[in-house]
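Sequences listed follow chains W and X, in order.
Mapping of the first sequence onto the working numbering: position 432 corresponds to residue 432, and the numbering continues sequentially without gaps.
Mapping of the second sequence onto the working numbering: position 136 corresponds to residue 136, and the numbering continues sequentially without gaps.
Quick caveat, the hints were computed from the structure, so don't treat them as lab data.
Incorrect hints may have been included.
To be verified - Heads up, incomplete: computed chain X residues facing chain W, CB under 7 angstroms, no partners named:
| hint | residue |
| --- | --- |
| 1 | Gly29 |
| 2 | Asn294 |
| 3 | Val407 |
| 4 | Asn410 |
| 5 | Ile413 |
| 6 | Glu415 |
As the list claims (entries may be wrong) - Using 20 angstroms as the maximum straight-line C-alpha spacing, the simulated PhoX-like pairs for lysine-lysine come out as follows:
| hint | chain 1 | residue 1 | chain 2 | residue 2 |
| --- | --- | --- | --- | --- |
| 7 | W | Lys15 | W | Lys47 |
| 8 | W | Lys369 | X | Lys422 |
| 9 | X | Lys422 | W | Lys304 |
Just so it is clear, CB atoms sit at the ideal spot from N, CA and C, and this is done for glycine as well.
Residues per chain, in single letters:
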Amino acid sequence: MSETVATDYLDCLLKSWSIKSNEPLSWLNQLRARAIDHVSTQRLPTKRDEEWRFTDISALTRLSFQSAQPHTSLRAQDIEHLYLKEAKNSLVFVDGYYSPQLSTHIDPTVLQIGNLSTFLSTHASILESHFGQYARFDNNVFAALNTAFLHDCALIIAPKNTVIAEPVHLLFIATQSEVTSYPRCLIIGESGSNVTFVEDYVSLQEAAYVTNSVTEISLSANAHARHIRIQRESAQAYHLANCAVSLARGSNYQSVSISLGAQISRYNLNVQLIDEAAECAIDGLALISSNQLADTHTSIDHIKPNGISRQQHKCIVNDKAHAVFNGKIIVRPHAQQTNSSQSSRNLLLSKTAQIDTKPQLEIFADDVKCAHGATVGQLDQEEIFYLQSRGLSEATARSLLTYAFGAEIIDRISVSSLRQQLEQTVLNQTRGNKL
Amino acid sequence: MSAVLQSLVNQPYKHGFVTKIESDVAPKGLNEDIIRLISAKKNEPEWLLSFRLEAYQKWLTMKEPEWQNVHYPKIDFQAISYYSAPKPKKKLASMDEVDPELLRTFEKLGVPMHERAALAGVAVDVIFDSVSVATTYKQKLAEVGIIFCSISEAVHNHPELIQKYLGTVVPVGDNYFAALNSAVFTDGSFCFIPKGVKCPMDLSTYFRINTEGSGQFERTLIIAEEDAAVSYLEGCTAPRFDTNQLHAAVVELVALDNADIKYSTVQNWYAGDENGIGGIYNFVTKRGLAKGKNSRISWTQVETGSAITWKYPSCILRGDNSVGEFYSVAVTNNYQQADTGTKMIHLGKNTRSTIVSKGISAGHSNSSYRGLVRISPTAEGARNYSQCDSMLIGDQCGAHTFPYIQVHNNSAIVEHEASTSKIGEDQLFYFSQRGIDAEEAVSMIINGFCKDVFQQLPMEFAVEATKLLSFKLEGSVG
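Only chain W is shown next, with the shape it has when bound in the complex (with noise of 0.2 angstroms):
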């Protein structure tokens, strides 16, 4: 059934496509129609495909959502509580589109950053050799969807030799229903810069819609990134993003990724590390309680000698909620002296709540370190109990212990005003639960 209903989505979407005629860059148009001839080749992954065995997106495929239109109504004020206070340059994007008056920025001396528009004529070759080349879609539908449709882009160059000390917030408000944007982003970190941004996904209503994002970052020669991500989406969205990374010798890829929100959530992250001595830490964190669906696929890919990675990946599920955890990690062949550890730690609040989970290892070079745990459980009745024994209540008691489980992902994250943000989110999420 759901195979025939499966095209209706993307149908849909490819009916209303088109190659906007005054486009003036042909390259970018030969992007998105490659990108389209993907689309109409390909389905709707279903539960009978490995990648998504336990995401069941067929919902999807019932709507037929548009893709969104220009939206601006919306004032500054509206989303004051939304800025970071330590991030001077913010790119505002409303359902994918670049809005320059909720925008903040921005020295373009230091620190190259704006909208596509803002690159395309003068930086036109630099955008050629990046765009879509990390995020593959010729097997992900989601990807090339995305590629179809970019019309915009928020995109960050760090100059060569360049600490930027603030953070630079992206962040993608959602205020439309029934709608699915295509956010996203390009990073490029030159050799010896040093950079740190936010992406941020918001939503101002409770409402259904779908976010299909993209986000490519790359890292030259001892280039350091930080990238802090943070979903928390419509109760009733869909968000659906991909995440490719690639890095060069001797460079730094620290990530972060909090997943909140969304009805069901997807987040692909793809890290190769292209050259010799790259180093990633990767850390994620998912919060979710009545029926969502978190699913987080990562791929640590090892294609040369020296290269370090680490990952931590976090689940909080609570009453009816289910979370999905891939993480797989590949050491290529003569990718010798690889050193690289995995964890995936799962906390089941309720008797319903649901993980699948899957670390997994792909190891074709023999000097290599190699680790990875999993772990599913509930709280330690041991611990609550040396709580109550200091006087705190139970629920008290389990609440800490559920935000401590969680805490030691948020103390990763670098921003400060966005840590204390999130502190209270988990705080008043497990202070709610009937636990």
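Since the structure of chain W is already known, use the hints to place chain X on it.
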């Protein structure tokens, strides 16, 4: 050092020889007539024929699985002969009547039956190709009420037990290879331990594949009634051939209340030569049903042979407080491929499972651990611990782990850990400091790596396994 090691890695397969016994071989190909022929040859009752035909119908609708991490040319199921029996002789009453050629084969394999039977106190139900030719110690077992015989014998003598249990753990349509086995299985072992009986000796079978181009489809069924206990050993060696042979066995275990079944395997089918030519395709479905309360099923396997291994001995923990265990060592060398692991399906309350898997890859081989731990909503207080370690020897091989963990009950505690390592230069240096040469050092390190699993094996198997391992891998470190 590496020259020594090279020569050791390339040791020829010791069990490669063909026994010249006139075989009664069915024409190649698979269709309903062949199944009827097998059934008729074995004088089977009507219900077993319909069991086979049902399985065949299911098989026709199924597709060969492709999800496993192994690669091989498509098997032509019509090019296989599905029945091959040594030429029928008169019923044998004593060992003296066994074909001397056959006995010499076992001699070469190092399984002198008299000796083994007498000294080790083991009853060996010998499967030579597909027909059981000699069964020892049957009398002794019969005294305590244990039935241990070939499955074809059991079909005639104990049809009610076979009808009650056959296909209950692995249904005919379970998977592609199980369906094929159900349609064409020729022989295998049957073991029934009645209520309250602890089997006084380890039961053992020795499988060999002999006729070139014939598939081997055994079927093993072990039933332990309430409070019964049995330890079952299975050993496999196969002679050298250049065409790939298919081996699709099905093993079913049923444990009722408080019963305990321990199933140990040493598998050393022919693995192909150093260029990956030849070797057995080993597609096996093994599953135990811990049906009763406090029952226990334990799988121990040492997998060193076969060009391709596809095998997931599983436990369905249905009874409350039941226990499932899986201990495995999988060694691959040259172009061998192994995709093996286990499934622990927790259904009952307070069920516990332990998984210890050790994979060693050398040469151009690939070994994968694929495991599933499922805690269903009814499995209150379930507990699982899994550990899977890989060792890589050389940079042309691969090690993979695919552990699926599905938890649908919050009172469960599930732990999984995995690591990958190599034999380090510093370890070898330490040994040579102590006057131990590289060869012996490697053997000791590997045995240490596998110790957790070898400890689970019955004594005589542990010795054989240790030898096999050193023999297979000694010196692959360079």
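Hint-by-hint comparison with the structure:
Because the closest C-beta pair between Gly29 (chain X) and chain W is about 32 angstroms apart, greater than 7 angstroms, the hint is violated. Taking 7 angstroms as the C-beta contact cut-off toward chain W, the hint placing Asn294 (chain X) at the interface is violated, the least distance being around 24 angstroms. At about 4 angstroms, the closest approach between the beta carbon of Val407 (chain X) and any beta carbon in chain W falls short of 7 angstroms, and the interface hint on this residue holds. Satisfaction of the interface hint for Asn410 (chain X) is found here, the shortest Cβ-Cβ separation to chain W being roughly 4 angstroms, below the 7 angstroms cut-off.
Checking Ile413 (chain X) against chain W: minimum C-beta separation of about 5 angstroms stays under 7 angstroms; hint holds. Satisfaction of the interface hint for Glu415 (chain X) is found here, the shortest Cβ-Cβ separation to chain W being roughly 5 angstroms, below the 7 angstroms cut-off. Pair hint Lys15 (chain W) plus Lys47 (chain W) does not hold up; C-alpha atoms about 26 angstroms apart against a cutoff of 20 angstroms. For a cut-off of 20 angstroms, the pair hint linking Lys369 (chain W) to Lys422 (chain X) stands: about 9 angstroms separates their Cα positions.
A distance of roughly 18 angstroms separates the Cα atoms of Lys422 (chain X) and Lys304 (chain W); the hinted pair therefore holds under the 20 angstroms criterion.
Hint compliance for this structure: hints 1, 2 and 7 are not met, and every other hint is.
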